[in-house]
Amino acid sequence: GAVVSQHPSRVICKSGTSVKIECRSLDFQATTMFWYRQFPKKSLMLMATSNEGSKATYEQGVEKDKFLINHASLTLSTLTVTSAHPEDSSFYICSAIGPGKETQYFGPGTRLLVL
Amino acid sequence: GDSVVQTEGQVLPSEGDSLIVNCSYETTQYPSLFWYVQYPGEGPQLHLKAMKANDKGRNKGFEAMYRKETTSFHLEKDSVQESDSAVYFCALRFYNQGGKLIFGQGTELSVKP
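Protein chains in written order, with our numbering: chain A, 1 to 115; chain B, 1 to 113.
It is worth saying that the hints were derived from the structure and are not from the lab. In this text the structure is predicted, and so the values were computed from the model without any measurement. Heads up, the beta-carbon is just placed ideally off N, CA and C, and yes, glycines get one too. Treat the hints loosely; a few may be bogus.
[Said to hold, decoys possible] Straight line, CA to CA, 25 angstroms or less: simulated SDA-like cross-link-like pairs of lysine to any residue: (1) B/Lys-100 - A/Met-45; (2) A/Lys-64 - A/Pro-40; (3) B/Lys-56 - B/Gly-41; (4) B/Lys-100 - A/Val-114; (5) A/Lys-41 - B/Leu-19; (6) B/Lys-100 - B/Glu-69; (7) A/Lys-42 - B/Leu-19; (8) B/Lys-60 - A/Ala-2; (9) A/Lys-101 - B/Lys-100; (10) B/Lys-60 - A/Glu-102.
[Said to hold, decoys possible] Chain A regions said to be covered by chain B (calculated; three or more residues, Cβ under 8 angstroms): (11) 42-50; (12) 77-87; (13) 107-113.
[To be verified] So the derived label-pair ranges between C-beta atoms look like this: (14) A/Gly-16 - B/Glu-69: 51 to 57 angstroms; (15) B/Lys-56 - A/Leu-76: 34 to 40 angstroms; (16) A/Leu-76 - B/Tyr-39: 22 to 28 angstroms; (17) A/Pro-86 - B/Ser-3: 27 to 33 angstroms; (18) A/Lys-64 - B/Thr-27: 24 to 30 angstroms; (19) B/Glu-26 - A/Lys-42: 17 to 23 angstroms; (20) A/Gln-60 - B/Thr-70: 29 to 35 angstroms; (21) B/Gln-105 - A/Leu-113: 23 to 29 angstroms; (22) B/Lys-56 - A/Asp-65: 43 to 49 angstroms; (23) A/Ala-72 - B/Ser-83: 38 to 44 angstroms; (24) A/Ser-9 - B/Gln-105: 37 to 43 angstroms.
Hey, can you work out the whole structure from these sequences and the hints?
What follows is the structure, given as structure tokens:
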């Protein structure tokens with residue numbers, strides 16, 4: 001149990017376009033999900049906390065107009081990278097707090113490449 | 001502020017060697033502690049956890065003891081295998097901060113056959 005999926009797993013887009021990444025909790029409801037960014041050989045950087053039915057809470061230095069987060073249901077959160085640029089290329093990972101509220105479960109990640 | 005420090009960026013034991021991966025944390029609060037493992041191209045997976053002081057997390061021969069007096073959560077294994085090769089992240093979490101995790105820098109374990 002406690003499976004989190006992400007779609008797409010990999011996306012290549014042109015500079016200036018927007019890209020939407022989906023994060024789903026497959027077998028549990030998640031009122032809270034998290035979005036992380038990871039650079040090669042680096043740790044995970046928390047971007048924002050996504051709460052179902054309310055606005056996301058962004059970490060310091062993360063542009064909320066650049067990285068739009070929507071958590072419209074108890075099983076789905078989306079991250080939209082707006083007007084993407086090459087520096088937005090990265091590995092984006094979501095997570096959700098699982099049943100029992102003790103553990104965060106991570107999705108498999110989405111690799112974004114902006115040309 | 002709250003932080004997690006992993007002193008080794010990479011460790012290169014041979015198969016059968018014992019292993020200690022260091023993790024220390026700083027906080028004025030009382031966190032839960034976790035080790036996550038990440039394989040290339042994948043998201044992190046929960047490896048083991050300890051919810052309170054003196055708890056010991058165990059998984060696949062790995063152990064980590066929550067030591068409040070030394071603010072440490074070192075990951076240990078008696079005999080590593082090549083299949084243990086991955087990146088290991090130590091993390092802490094507070095319930096009163098919405099459950100977000102604070103990660104260490106990660107330690108890449110590469111076991112030589």
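Hints, one by one, checked against the model:
1. B/Lys-100 - A/Met-45: Answer holds: B/Lys-100 to A/Met-45 is near 11 angstroms, not above 25 angstroms.
2. A/Lys-64 - A/Pro-40: 23 angstroms, holds
3. B/Lys-56 - B/Gly-41: 29 angstroms, violated
4. B/Lys-100 - A/Val-114: Distance of about 28 angstroms is beyond 25 angstroms: violated.
5. A/Lys-41 - B/Leu-19: 21 angstroms, holds
6. B/Lys-100 - B/Glu-69: 24 angstroms, holds
7. A/Lys-42 - B/Leu-19: Between A/Lys-42 and B/Leu-19 the Cα gap is close to 22 angstroms, so the pair holds against 25 angstroms.
8. B/Lys-60 - A/Ala-2: Holds: B/Lys-60 and A/Ala-2 sit about 19 angstroms apart, inside 25 angstroms.
9. A/Lys-101 - B/Lys-100: Holds. A/Lys-101 to B/Lys-100 sits at ~11 angstroms (cutoff 25 angstroms).
10. B/Lys-60 - A/Glu-102: 20 angstroms, holds
11. 42-50: holds (count 5)
12. 77-87: violated (count 0)
13. 107-113: holds (count 4)
14. A/Gly-16 - B/Glu-69: 51 to 57 angstroms: For A/Gly-16 and B/Glu-69 the Cβ distance comes to about 54 angstroms; the hint holds.
15. B/Lys-56 - A/Leu-76: 34 to 40 angstroms: 36 angstroms, holds
16. A/Leu-76 - B/Tyr-39: 22 to 28 angstroms: 26 angstroms, holds
17. A/Pro-86 - B/Ser-3: 27 to 33 angstroms: 31 angstroms, holds
18. A/Lys-64 - B/Thr-27: 24 to 30 angstroms: Holds, since A/Lys-64 and B/Thr-27 (Cβ atoms, about 27 angstroms apart) stay within the stated range.
19. B/Glu-26 - A/Lys-42: 17 to 23 angstroms: Taking Cβ atoms as reference, B/Glu-26 and A/Lys-42 lie about 20 angstroms apart, which means the hint holds.
20. A/Gln-60 - B/Thr-70: 29 to 35 angstroms: Given about 30 angstroms between the Cβ atoms, the range holds.
21. B/Gln-105 - A/Leu-113: 23 to 29 angstroms: Cβ of B/Gln-105 to Cβ of A/Leu-113: about 25 angstroms, so the range 23 to 29 angstroms holds.
22. B/Lys-56 - A/Asp-65: 43 to 49 angstroms: 45 angstroms, holds
23. A/Ala-72 - B/Ser-83: 38 to 44 angstroms: 40 angstroms, holds
24. A/Ser-9 - B/Gln-105: 37 to 43 angstroms: 25 angstroms, violated
Checked against the numbered hints listed earlier, the structure breaks hints 3, 4, 12 and 24; every other hint is satisfied.
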